[in-house]
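Given next are the chains, with one letter for each unit.
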Amino acid sequence: MAEITLVEAVRAALAHALEEDPAVVILGEDVGTDGGVFRATEGLWQRFGSARVRDTPLSEAAIAGVAVGLAAQGFRPVAEIQFQGFIHPALDQLANHAARLRNRTRGRLGCPMVLRAPFGAGVHAPEHHSESIEAIFAHIPGLKLVIPSSPARAYGLLLAAIRDPDPVVFFEPTRIYRAGREEVALDGASLPLGRAFTLRAGGDLTLVSWGAAVREALAAAEALSGEGIEVEVIDLATLRPWDAEAVLGSVRRTGRCVILHEAPRTGGFGAEVAARIAEEALDSLLAPIRRVTAPDIVPPLLRLEHLYLPQVDDVIAAAREVMQWR
Amino acid sequence: MQDRPAAEEIVARFEIARTAFLDPDGTPRAPLPDFARDRGSLVAMYRAMLLARAFDARAVALQRTGRLGTYPSALGQEAVAVGTAAAMAPGDLLVPSFREHGAQIMRGVRMEELFLYWGGDERGSDFRDQREDFPVCVPVGTQYPHAAGVALAFQLRGEDRVAVAVGGDGSTSRGDFAEALNIAGVWKLPAVFVVANNGWAISVPREAQSAAQTLAQKAVAAGIPEQQCDGNDVIAVRATVAAALARARAGQGPSLIECLTYRLADHTTADDASRYRDDAAVSARWAEEPVRRLRAHLARAHGWSAAEEEALHAGIAAEVDAATEAYLATPPQPATAIVDYLYAALPPDLARLRARLEGQDG
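Chains as they are written, first to last, in this note's numbering: chain A, 135 to 460; chain B, -3 to 358.
Hints may be right or wrong, so weigh each one.
[To be verified] In silico contact screen, one side only, chain B against chain A (beta carbon under 10 angstroms); selected entries:
1. Gly171
2. Tyr337
3. Ala341
4. Arg350
5. Leu353
[Unchecked claim] Stretch-level coverage of chain A by chain B, calculated; a stretch enters the list once three of its residues show a Cβ under 8 angstroms from a Cβ in chain B:
6. 205 to 219
7. 224 to 236
Note that these hints are calculated values from the structure, not bench results. Quick reminder that beta carbons are idealized off the backbone N, C-alpha and C, glycines included.
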């Protein structure tokens, strides 16, 4: 066991994967001698060498495309895009190739690659460093999309992603890279993809979230408990394929649901969660579903950034409103 | 010559060479490489080009009669595909775009598989005998980084293999092309990038694609060797690709080859090239096409006879007929095929969809 931060958990998982499987290759901008701009790969180049921990040119399309070629040859590339805001050139390779290679060759060629990228607002970063565009990736059949919300889940889910036979996009919330420490057993055990994690049990209201916002979800649940409202907090963790059964099962018990995400509202993944509940658990609902999200705006630069992220009080207000419905 | 300002000095220069062995009428213009003095290897390439052309003609006929989807003919540029594949070793790996069926067939892809693919059946990319080559790539230029990745795999495993990507002139305007050449150059990857410059990216002519005098010189910026060759001269294509493959095998890294050819057909069966180019200009380019050129050389230098020509055509026709029959007789995929290959293991939502599709024909 070690008490580590989320970024240290990412690093530990990468080190374990490099150790256990010679097919694992890390590539990306500044991942080598510099250890990554967030230090997620710190020390790996020194330990595993430049053949397996590779600095690439500044070249997002090539990083993703080279990973596709490596993966088709049986390697397990773990590619890093430095920030999610710079991932768009790689999206072509992910959507048109990584996600489709197995299907379009009827299984002849697979694509066991991972594409990691830090994302999210709240760290006073420069322009294009604060986006949350996970919904774009959740929309692509053939991909898997994972977003950890704690050191333990980062460690176990990243190992699962690397061992998975299909392409996995793995978004790491920068806001909680170093926001807290947690005891993690660095034993190489993975956590299941496609499974939600119920972080807190409660019978009055289901609160669904993922990524950094899970912190606000848990804080809101704690505060609401003081008011006698018991909130069940579910961390989706995998957005494709997502664990609808966990959410539906909880909503059928609580009859109420609030969805919290950091991404803008329209077309955000919360809309998919809400639609699915409406389709399959409408009879259980005692109140309308509420979404607490960023507004439909470009993330403001750092001086106005505080107006962007959903706050704990927003979640509490939404929960009260849902509880007081009729 | 103008005097150079004292503050300036020349720090880099480049020249682009073009290789050509056969003139358009089939007359050798330079001593031929060894492989091209061998009648058997010339006949093999001649046959492969004829087969590619016959496959093309059949594919277009199948499309016109509603038995194939949209199809991109390679009429006139058979020498690029055949010369490239002829230079490659079986263990090398082809990363094609969508006009290289001449190369794919030579590398063991069955014609009925190619008919299946263009006929709208994914099983056409599940090559029975060619397990590692990439399937056709439709998003233009996105295949080049795959070749770099495959080449990196070969390099990491220490294998004596080379990844060969093929694309068109339009693809060289895309970022993927530049990024792939650049990363392959930095890492000295065993890769060869072949550009079939057929003069047209659908309706946009080569001169509207880039202000560069040659496309080959795009290699200069990536710091890798380049060569232009007469892409309608299969001997020139094969010799140029072979030299690049030899450099890659010797650890000298990637190369870019620009093959000058001409798209005699429409872009695809869904295109009408008369909307944007002059029929007379196209007719004039028939004088340079690769098949007649090699036949003239074979007749003059190797006594290629009318009887041999006839036998070759008969054999090819039978082969294409058999592939057509096999294609048309292929039973449909089951409906469950739409979900079965998306992931290695079916997620719950898709498993439910699959259960509904079970037992249905596709």
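Hint-by-hint comparison with the structure:
1. Gly171: holds, 6 angstroms
2. Tyr337: Because about 4 angstroms separates Tyr337 (chain B) from the closest Cβ in chain A, which is inside the 10 angstroms limit, the hint holds.
3. Ala341: holds, 8 angstroms
4. Arg350: For Arg350 (chain B), the interface hint is violated, since the closest Cβ of chain A sits about 13 angstroms away, which is over 10 angstroms.
5. Leu353: violated, 15 angstroms
6. 205 to 219: holds (count 6)
7. 224 to 236: Satisfied; 5 residues make the cut.
Taken one by one, the earlier hints fail for this structure at numbers 4 and 5, listed in ascending order.
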